[in-house]
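**Q** Residue-level listing of the chains:
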Amino acid sequence: MSIPENLQYTKEHEWLSVEDGVATVGITAFAAESLGDIVFVQLPDAGSTITAGEVFGEVESTKSVSELYAPVSGEVVEVNGTTSDTPEVINSDPYTEGWLLKVRLSGDVPELLDAAAYAAHTQEN
Amino acid sequence: MSRETSLHGVHQGLGALFTDFAGWSMPVRYASELAEHKAVREAAGLFDLSHMAEIHVTGKQAADVLDFALVGNLTGVKPGRARYTMICDAEGGVLDDLVVYRLADEHYLVVANAGNAKVVADALAERVAGFDAVVDDRSETTALIAVQGPNAAAILGAVTDADLAALKYYASVPAVVKGHDVLLARTGYTGEDGFELFVDAGEAPAIWRILTEAGEGHGLVPAGLACRDTLRLEAGMPLYGNELTLEQSPFEAGLGRVVKFEKPGDFVGRSALEERAEQDVPRVRVGLRGTGRRAPRHGYKLLADGVEIGEVTSGALSPTLGYPIAMAYVDRAYTEPGTELSVDIRGRIEPVEVVALPFYSRA
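From first to last, the protein sequence lines stand for chains A and B. Residue numbering for the first sequence follows numbering that gives the first Met the number 0, beginning at 0 and increasing consecutively. Residue numbering for the second sequence follows numbering that gives the first Met the number 0, beginning at 0 and increasing consecutively.
The following block holds chain B by itself, in its conformation from the complex:
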């Protein structure tokens, strides 16, 4: 039996089609995922992301324990700002990718993927030992709602007195949305301007309604996980389980910059990651552009002169660009943009070209 978010009834009322995602029953789309995708690019979309995990770390050594537990430099994050980072195991494999918000000097919020919620919560609970800090998993009582798209600021601005113009990308601020306390963050996973609202689970339906009403006239539509995936793919953002796995370190994923060796002290995975950083990783994440309309998809083989040199991790016909796009891991020799490769699409060999990521950036 899948878990349901506190917005499940709202989604049912909207006629959502549900899918099981990491043990949660989540809206995959409401009507058309392509229309939802387009709305986020051109107007705005409203997402329920309550399946994601919210783990609070507080105390005198909150910064120190996160510097030890994660690969990033969390001490260096100013209160009110957020950072994209990762949590690795001792061998340097990626347990999850995270967004960590520093809410105050001694208070951080770690947001983990739904599929890795327990792994991350358990790892943090274990790694806090010996530090003067407390790890508190509040995922059960926290809902997460995202408003993403060029009209997101106009929509949210109508229902909150928070100074949105002053709220930078990757920053957060406590705010009030028509009487409801929220943590308002300018973050997202779509490649657009947008906001994520951390709210009490019980208040989520009311806040969803407030945002829906504020979105009237601004083209806001409810948006499901299907369009979230094509949006993040166009934006070149990795998905755990596709581009990121426990078998890979951040370096293979082309995200080695998140590993901060210069921070003082040891951190979990440091020595393994230092070794990995010195070696040339055999395969590297790249972007691919196809012709025609058939998309390379997860697991499809990439070929050069008939020899397998890589594998697709995510792919789709890009709704915004109109041609197939994909991310893949390929041998180092084939990573230069402009390199012509072939992909085996269910027995048909189709040409693809290596291109720089992201595929799409907002103007």
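One chain only, chain A, in its complex shape:
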């Protein structure tokens, strides 16, 4: 299971990369694999705000539904429309083509896991 070194991770299996105050958010390959084939994604609209630790959307696979938890607070500046038309991209390419949101940070990034810590976290689960 790939866990890119250059990203940060939450215990809820989201990944994050920050550039110029904008965070790109997605779910990890571990999460996508655990869910199975993803068939639907509900994401907030651009212009809305999300709050760290709160639910901002959900992903549905054939068998289950999972809520998405915001790793950071801020304004949604872009939503990956590809995921609504072809949600399977989250399974096939969770870290690049399958990203979910770009968020302009409204505060500091909370302390997150690095790749090694996330790898250890997934071993425990």
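Hints in this document: simulated from the structure, not taken from any laboratory. Any given hint could turn out to be false.
[What the hints assert, rightly or not] Under 10 Å between C-beta atoms, here's a sample of chain A residues computed to sit facing chain B: (1) Phe-39; (2) Gln-41; (3) Val-64; (4) Asn-79; (5) Thr-81; (6) Ser-83; (7) Thr-85.
[To be verified] Derived pair list, reagent style DSS-like, types lysine-lysine, alpha-carbon separation capped at 27 Å: (8) A/Lys-62 x B/Lys-37; (9) B/Lys-259 x B/Lys-77; (10) B/Lys-300 x A/Lys-62; (11) B/Lys-117 x B/Lys-59.
In this text, a Cβ means the ideal position worked out from N, Cα and C, and glycines have one as well.
Got chain A; can you put chain B on it based on the hints?
**A** Here is chain B on its own, set in the frame of chain A:
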């Protein structure tokens, strides 16, 4: 610690993802459950169903004891044929749904769900008292492999000399698959043509390999429990624990036709079921079709004019049809196909329409 089937190592080698199911570690999928589902609809899938229970009933009164123990008319099943039936408790509640194969005049094979294996084996062992028959639970030593899909006959035909063209739906025949003795049945739980092979557990890996090789060029893929569930849902087939429970009789499930009151003699649950059959059951099983992509799922509430009138028992975005489908129990007044209802999908009210079952039938 979950039990493992004799094919566990084979599944590991195939990279299966496992899930605990009724105390068994079973492959939930190998790569993509949607690809496996599609393969079964368009080509073929290979399933390990060794967690299911195989209980043999033999003896002079094998037919009589099953007529007493089950709600169906098993005396009326010809040797070589099979029947879908149920085992109820004295109150008419469903202990399990079963497929019963009559292998010979005095020999039946009862196949029970993994989750109910002990309940069924215990009930049969108890109900055989006073009959000249023997109940023998051979689940431990029996493996079950299914080949399902439009190419199933071509695949199996290449490795057995059994006359598949003569083997009817819901029939079985002893056969040889490349030197291995099997009981070959034309049954399944996917809505497709297909076969189920009852084999000695120790020979299952070899037979799995033979079938895998025979399936090359026919689009055969190993298929897990995840796609099995969406396949059976599309086919409108009930799942014990979802559509069928001990709290319900076959009548609530819309499966009252399996109860054969016309058979002579008493059977367990008869008087309770006769009472239930005369009353209009309050809620009935229906099919639902949704719009959008959000599926109604087990436990979600159904509403009419804002009032709760039912509950979803199974649901998914249908991989074959492309829209959400579900089975549900709803109040009698809302069972007519075309009835517009609402479902509460995690706080969002979405429209659904009552439709006839099954959602999908093979051409």
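**Q** Look at each hint and say if it fits the structure.
**A** Structure-based check of each hint:
Because the beta carbon of A/Phe-39 sits about 4 Å from the nearest beta carbon in chain B, less than 10 Å, this interface hint is met. Because the beta carbon of A/Gln-41 sits about 8 Å from the nearest beta carbon in chain B, less than 10 Å, this interface hint is met. Against a cut-off of 10 Å between C-beta atoms, the interface hint on A/Val-64 holds, since the closest Cβ of chain B lies about 7 Å away. Hint on A/Asn-79 is violated. Least Cβ distance to chain B is approximately 16 Å, over the 10 Å limit.
Residue-level restraint check for A/Thr-81 is violated (minimum Cβ-Cβ distance to chain B is 15 Å; threshold 10 Å). Checking A/Ser-83 against chain B: minimum C-beta separation of about 9 Å stays under 10 Å; hint holds. The beta carbon of A/Thr-85 comes no nearer than 12 Å to any beta carbon in chain B, farther than 10 Å, and the hint placing it at the interface is violated. Taking the CA atoms of A/Lys-62 and B/Lys-37, the gap is about 16 Å. The hint holds against a cut of 27 Å.
The straight-line distance between the Cα atoms of B/Lys-259 and B/Lys-77 is roughly 16 Å, inside the 27 Å bound, and the hint therefore holds. For the given pair, B/Lys-300 sits about 18 Å from A/Lys-62 by alpha-carbon distance, which is consistent with the 27 Å threshold. With a CA separation close to 24 Å, the supplied pair B/Lys-117 and B/Lys-59 stays within the 27 Å bound.
In terms of the numbered hints stated before, the structure departs from hints 4, 5 and 7, listed from lowest to highest.
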